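Going from the sequence shown to our numbering is simple: count from 1 and add 1146.
What the hints contain is simulated information worked out from the structure, not anything from laboratory work.
A few of these clues could be false.
Unchecked claim - Dumping the calculated EDC-like pairs for lysine to aspartate or glutamate here, alpha-carbon to alpha-carbon at most 16 Å: (1) 1251 / 1203; (2) 1152 / 1203; (3) 1152 / 1179; (4) 1152 / 1217; (5) 1151 / 1193; (6) 1161 / 1203; (7) 1151 / 1203; (8) 1227 / 1193; (9) 1251 / 1193; (10) 1227 / 1167; (11) 1161 / 1222.
Computed from a predicted model, the values in this text were never measured in an experiment.
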Amino acid sequence: MATTKKLVVEVVDAKDLTPKDGHGTSSPYVVVDYYGQRRRTRTIVRDLNPVWNETLEFSLAKRPSHQVFTDVLEVDMYHDKNFGPTRRNNFLGRIRLGCDQFVGKGEEAL
1147 MATTKKLVVE VVDAKDLTPK DGHGTSSPYV VVDYYGQRRR TRTIVRDLNP
1197 VWNETLEFSL AKRPSHQVFT DVLEVDMYHD KNFGPTRRNN FLGRIRLGCD
1247 QFVGKGEEAL
């Protein structure tokens, strides 16, 4: 039986977000992109210090193992337009992580 390799991303929390809903809060969610795969957290309604504690998984099955070392993981955060008077999802922030910041199972950091 073959083992399927995967990248596991833990989205924990955010602090001191910018209010985007016109009422002094934001309803944030996170979108993570990795090698053509996109995953999304749930929306945390009206919270400037949201806690997700969600695990997102990405398949490495189609990646040549030598190319994983050049990959970039992109994490974007938005305010959800469904919770407030805005008509579009407002951008809150972005981070790009190079594969040199990935850790193996058992090497996780706090």
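Verification of the supplied hints:
{"no.": "1", "hint": "1251 / 1203", "result": "holds, 13 Å"}
{"no.": "2", "hint": "1152 / 1203", "result": "holds, 7 Å"}
{"no.": "3", "hint": "1152 / 1179", "result": "holds, 14 Å"}
{"no.": "4", "hint": "1152 / 1217", "result": "holds, 13 Å"}
{"no.": "5", "hint": "1151 / 1193", "result": "violated, 35 Å"}
{"no.": "6", "hint": "1161 / 1203", "result": "violated, 23 Å"}
{"no.": "7", "hint": "1151 / 1203", "result": "holds, 10 Å"}
{"no.": "8", "hint": "1227 / 1193", "result": "holds, 14 Å"}
{"no.": "9", "hint": "1251 / 1193", "result": "violated, 31 Å"}
{"no.": "10", "hint": "1227 / 1167", "result": "holds, 8 Å"}
{"no.": "11", "hint": "1161 / 1222", "result": "holds, 15 Å"}
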